[in-house]
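Q: These protein sequences, in sequence, are chains A and B. Counting from 1 along the first sequence, just add 79 to a position and that's the residue number in our numbering. Counting from 1 along the second sequence, just add 1 to a position and that's the residue number in our numbering.
These are computed hints drawn from the structure, not numbers from a lab. These numbers come from a predicted model, not from an experiment. Treat the hints with care, since some could be wrong.
[Said to hold, decoys possible] Some, not all, of what chain B presents toward chain A, calculated at C-beta under 10 angstroms:
| no. | residue |
| --- | --- |
| 1 | Phe76 |
| 2 | Met80 |
| 3 | Ser86 |
| 4 | Arg87 |
| 5 | Leu97 |
| 6 | Val170 |
| 7 | Ala247 |
| 8 | Gln414 |
| 9 | Ile432 |
Each residue gets a CB set at the ideal place from its N, CA and C atoms; glycine is no exception.
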Amino acid sequence: MPLSDIWFVLIAVLFIGFIFLEGFDFGVGMSTKFLARNDLEKRVVMNTIGPVWDANEVWLITAGGAMFAAFPHWYATAFSGFYLPFVVLLLAFIIRGVAFEFRNKVDSKAWVKTWDWAVFIGSILPPFLFGVFFTSLIRGLPIDGDMNMYAGFTDFVNVYTVIGGVTFVLLSYLHGLLFIGLKTVGDLRERANTVARKVYALTGLFLVLFMIFTYLDTDAITDHGAILIPLYSLAIVLYGLLFFFLKMKREGLSFTMTGLVLIIIMASFFIALFPNVMISSTDPAFNMSIADAASGDYSLKIMTFVAFTMVPIVLAYTIWSYYVFRKRLTGDKEHLEY
Amino acid sequence: MMEEVLLARIQFASTTLFHFIFVPLSIGLALIIAIMQTMYVVKKDEIYLKMTKFWSVFFLINFAIGVVTGIIQEFQFGMNWSAYSRFVGDIFGAPLAVEALLAFFLESTFIGIWIFGWNKLPKKLHLACIWLVSIGTVMSAFWILAANSFMQNPTGYVLQNGRAEMNDVVALLTNEKLWVAFPHTIFGSFATGAFFVVGVSAWYLIKKRNVDFFKKSLAISLVIGMLSGLGIAFTGHSQAQYLMHAQPMKMAAAEALWEDSGDPAAWTLLAKIDVENRETTKRIDIPYMLSYLTYSEFKGKVQGMNALEQQMIDKHGEGEYLPPVKTTFWSFRIMVVTGGTLLGLGALGLFLMFRKKIVESVWFLRLLIVGIFLPFIGNSFGWIMSEMGRQPWVVNGLMKTADGISPNVSAGQILFSLISFSTIYTILGIIMVILFVKFIQRGPDEQPEEDVSATDPFETGGAGHAIK
């Protein structure tokens, strides 16, 4: 396997880690509006991700850095091509990131309300934009022979990409609700699980719509059906199992199911792209292949060494951090930092 | 195209300078808080615990803004500077990716554990977390400076496939620029944190509030501030020596030298610069000083911009090769003056403290409050000198700034993002000041206020009676 392929897989892994972890952060952020009924509940909800959300976001930063380093052309084409969506994404990340820290710092209702909105908007916009981003990547974008992308509004916003965006929002929300179910006690925990059962059908509908439109709107199934059809089937089966786990109140298993579905969906984008990193809707000859977009072998070798040393260490202390905070939050005010 | 270049540069300058208000303060405060908590764990004196918690309020607010403004840094290379990104991704992107893997994960994971782990971890393990955060912030600085040093003084690369590809990672990481810039930046950052704690403590001492608490805070931070000040001065000197042989044009511009200097060369304190007619008049000089600064001896001359530009024309073809002379010249002076003043404040402060006169010296405590702002000014102008002095190059000698921008991004789009980011940054800046003032006024004694209206869902089933 050439090093550039390894890095393609590594970047996929980073985005998968990102969507699995930050997925529930987004869902928890949405729950502050939809689930929490009062200030204390909001705080409890935010505190469930308090110790970890910042590190979860680093998966994205690392994915971006890895794209820059391993596939400069991919990074350059995508980041300049998605200019305006990325501006919005950055603004969302900014307001969400400071909101957690600022929210409880001033004793004023207007102040708290403002940052509640920041948490909500900053949690619902990014998963939508990531859905749009990845669906439009595999749908194809107007990229010219110089690898420059000149996309218009309908390249970003069309039936397929909106379905992709909504699917990511709903899956993240469900994932977040189940995370809250795992991390809280009493009424909040009950309600999180109840709401999860309520959004189950709608999320499932969008999941199926997403798969149908992936078939209709992209070449993914035609080109990679041998892998994608079994994978999508697996996602449907897992999602079906989730129904029973929710009924049986098996919280850990339920959370695992939404996590696996998110992982499969994210992985499917990279499988659909392979062996390209960007697909040109202008002319298939302008597709950017993994090999074309990659850095030199020397650079990839160095980074492979660093990645294979560091990723296990990072994973080890990440798991440890979840172990430290494994207990459910009781809502005892003394122990709420946010 | 000129419009796009200008807007993209304004955006880069503003977002980076804004980001670099928070970064050095985070680096400095992380160290100071780690030291305070260490003293608590070693001496078992509760006052150090109180100090750790009090100063961490500022650290955490500041850290949050530093993190979110940092995300833009990583995205905007690709967004505004795609041609640059294609050209250097191989060698410039690599340190950024390593920075994320080595430093970002470390600091963000352990800061989470540290904030939320006070009652969950054994004391020493909890202390180790803040040290890991501190180490993370310093490592982060190292890797981003490794990337920046490549732009200043490209090493470890080969030009092929139309881009700069890495061919020697040792050369990349032993770049002379990196090893003068990294300690200089780190000492600058430690000084930023230290003089923040010094200045705030001085305010309390003037007000005679929590005197013991703030005398101890002042003592710790003054020592760190003084040592950092010395570090800044020595590493600044090595920066000048480096510039002389690696980026002589920046040095000549920083001195507004058009013709070659005399031997020995004098350092100009003030001058009137006329860029159009290429002359500098009304110099107030300190003799021998520039020779010493650049060669560590009282002889040796420094080349002027006219000769250097001719060399560049011979090498790279016709074109403009002068950096913005006035900006480079004055930024250098502002940086040097702030650095020197900090060193003076630190020395005098330690002297007064040693003589046990510092609490009574209200005039001096007032100066220390002003001193809070000096490192921020020095940091900013240091970067302005460094980045403006490199112009017109984005990668020195390899790529011009104007050739680095994204060809597919319009001026309107850049303007939109520029306005969006500046607006939100302005709001964040104001909020930070308001929160800092609020928490300084509150002081270390008061506990955080509880929310006015909270209901306890676990007793009532969610609907609610208000409890205070």
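Q: Taking the hints in turn, state whether each one holds.
A: We went through each hint and held it up to the structure:
no. : hint   : in the structure
1   : Phe76  : 6 angstroms, holds
2   : Met80  : 5 angstroms, holds
3   : Ser86  : 4 angstroms, holds
4   : Arg87  : 5 angstroms, holds
5   : Leu97  : 5 angstroms, holds
6   : Val170 : 5 angstroms, holds
7   : Ala247 : 23 angstroms, violated
8   : Gln414 : 5 angstroms, holds
9   : Ile432 : 7 angstroms, holds
Of the hints listed earlier, the one the structure fails to meet is number 7.
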